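Student: Sequences are here, hints too, so could you generate the full structure?
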Amino acid sequence: MSLTGLFLISFLFVHLIGNLQLLANDGGESFNTYAYFMTQNPLIKTISYGLYFFIVLHAIQGLMIAATNRSAKGYKYSKKTKENASWSSKNMAMLGILVLAFLCIHMGDFWFKMKFGSLPMKSYAGFDAEVTDLFGRVMIAFQEWYIVLIYLIGLLALYFHLSHGFQSAFQTLGLNHKKYTPIIKGVGTLYSLVVSIGFAIIPLYIYINSL
Amino acid sequence: MKLTLKIWRQKGADKKGQLESYNVEASEHMSFLEMMDVLNEELISKKEEPVAFEHDCREGICGTCNLVINGRPHGPQQGTTTCQLHMRHFKDGDTITVEPWRAKAFPVIKDLVVDRSSFDRIIQAGGYVSVNTGQAPDGNAIPIEKDTALSAFDAAACIGCGACVAACPNGSAMLFTSAKVAHLGKLPQGQVEHAARSKSMVDQMDTEGFGNCSNTGACEVECPKEISINNIAMLNRSYLSSIFGSNK
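Going line by line, the protein sequences match chains A and B.
Reminder that position 22 of the first sequence reads as 22 in the working numbering, one-by-one numbering, no gaps.
Reminder that position 215 of the second sequence reads as 215 in the working numbering, one-by-one numbering, no gaps.
Since the hints were derived computationally from the structure, they do not count as laboratory data.
Every value quoted in this text rests on a predicted model; they were computed, and no experiment measured them.
Any given hint could be a false lead.
[Stated by the list, open to error] Listed next, the in silico DMTMM-like pairs over lysine to aspartate or glutamate satisfying Cα-Cα at most 25 Å (straight line):
#1 Lys80/A to Glu20/B
#2 Lys178/A to Asp37/B
#3 Lys79/A to Glu145/B
#4 Lys76/A to Glu25/B
#5 Lys178/A to Glu145/B
#6 Lys79/A to Glu28/B
#7 Lys185/A to Glu220/B
#8 Lys80/A to Asp94/B
#9 Lys16/B to Asp115/B
#10 Lys82/A to Asp92/B
#11 Lys6/B to Glu34/B
#12 Lys90/A to Asp109/A
#13 Lys45/A to Glu144/A
#14 Lys45/A to Asp115/B
#15 Lys79/A to Asp109/A
#16 Lys146/B to Asp92/B
#17 Lys2/B to Asp92/B
#18 Lys76/A to Glu145/B
#19 Lys115/A to Glu83/A
#20 Lys76/A to Glu28/B
Tutor: Set out below in structure tokens:
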């Protein structure tokens, strides 16, 4: 869980940096050529298959562990307490399922349409190949308020999932230290905030601009 | 002070249980268990079945008392066992819910009493510590740094009550097992079998049907001896080295 989790965490940052190019005011040139590079480069392709594999592995392992843990607890207390652990740490499986559901919608809308759908092609001066106009699809999608809402809910779930997951991964690997664990916890919270807010800016910016 | 208690009543291991309400008049100077004694005396005088609950030393050192009070193992007071929790932490007119430890590996025997023999089997799985036979060794023959001795002692403070399992949403026994592994593994005398001991205790923990640790940290908050989850990280390290280490 921890190793696949940390891999997925590091992916999110790269994904965020790439996607922030959506905010560039150049008719999608930088984003579309970047998307083209990401789908053509053999190294990136290999890593992306690894990524799909690790997402599936993380999800399956997570669900299996959650099922074991649920049955190991058995009976629930009739009086619940909130005072001994954070809400997100107790709801990692539920948050993970939300993130996975969001991921399915997200992949279906953009990745599937780009790979197998009929998105229009576009060419730019200074770039030899014709590229798929993924930028145009993103611009259309984020004009719909309900798609923006789905993204915000997905990102909120991601924030809570990461805010526990980041520091939890280190603890699972046995990396606990008087001096460094508080730093890891701080970095984890900051990282979750940066990633979720960073991604949330994109649909919000496009939606507000389209009004 | 007048209190309403909602107590888990269950006639036997294979019987169905439910919460039942009782009224009790207690003094704020009583411990929680003394309040339970008052209730039981009333029940006995009314020819009713008293509530079964476990207790022994009533000094907070034996780890026998085990009540989940308002959803919190050993009640709301930090670093305190049920027997050391006093009624002054409650208010007149309060309704208090009292339930047994909940985990599949801790089946209810009767009312608030659970079977914790799975902990004994985890301890047995730990095996032995290698020592030289012969005369008793000189005191301080093995130099141990003060900080090391203190942290080993902190782990050894575990009284094996099972509050960590009761608090854990996954019913995991990682805090207990890690405390037992750490109090030997942090000292030079315990080093010889450290990795192997970690492996066999974790394996036994899984066999008993305890859940997996998801680092919620609820165990260390509820632990009456305030055992830290640093010990869990140490157990994770020694478990990894028992699998990938070269001495296997």
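Student: With reference to the structure, classify each hint as holding or not holding.
Tutor: Now for the hints, and whether the structure bears them out:
1. Lys80/A to Glu20/B: 17 Å, holds
2. Lys178/A to Asp37/B: Violated, because 43 Å separates the two Cα atoms, which is more than 25 Å.
3. Lys79/A to Glu145/B: 45 Å, violated
4. Lys76/A to Glu25/B: Violated, because 29 Å separates the two Cα atoms, which is more than 25 Å.
5. Lys178/A to Glu145/B: Distance of about 17 Å is within 25 Å: holds.
6. Lys79/A to Glu28/B: Holds, at roughly 23 Å.
7. Lys185/A to Glu220/B: 17 Å, holds
8. Lys80/A to Asp94/B: 16 Å, holds
9. Lys16/B to Asp115/B: 16 Å, holds
10. Lys82/A to Asp92/B: Holds: Lys82/A and Asp92/B sit about 23 Å apart, inside 25 Å.
11. Lys6/B to Glu34/B: 17 Å, holds
12. Lys90/A to Asp109/A: At roughly 31 Å apart (the allowed maximum being 25 Å), Asp109/A and Lys90/A break the hint.
13. Lys45/A to Glu144/A: 31 Å, violated
14. Lys45/A to Asp115/B: 54 Å, violated
15. Lys79/A to Asp109/A: Violated. Lys79/A to Asp109/A sits at ~43 Å, over the 25 Å cutoff.
16. Lys146/B to Asp92/B: 47 Å, violated
17. Lys2/B to Asp92/B: 6 Å, holds
18. Lys76/A to Glu145/B: Distance ~44 Å between Lys76/A and Glu145/B Cα, so the pair is violated.
19. Lys115/A to Glu83/A: 48 Å, violated
20. Lys76/A to Glu28/B: Roughly 30 Å separates the two Cα atoms, so the pair is violated.
The structure fails to meet hints 2, 3, 4, 12, 13, 14, 15, 16, 18, 19 and 20 from the earlier list, while all remaining hints are met.
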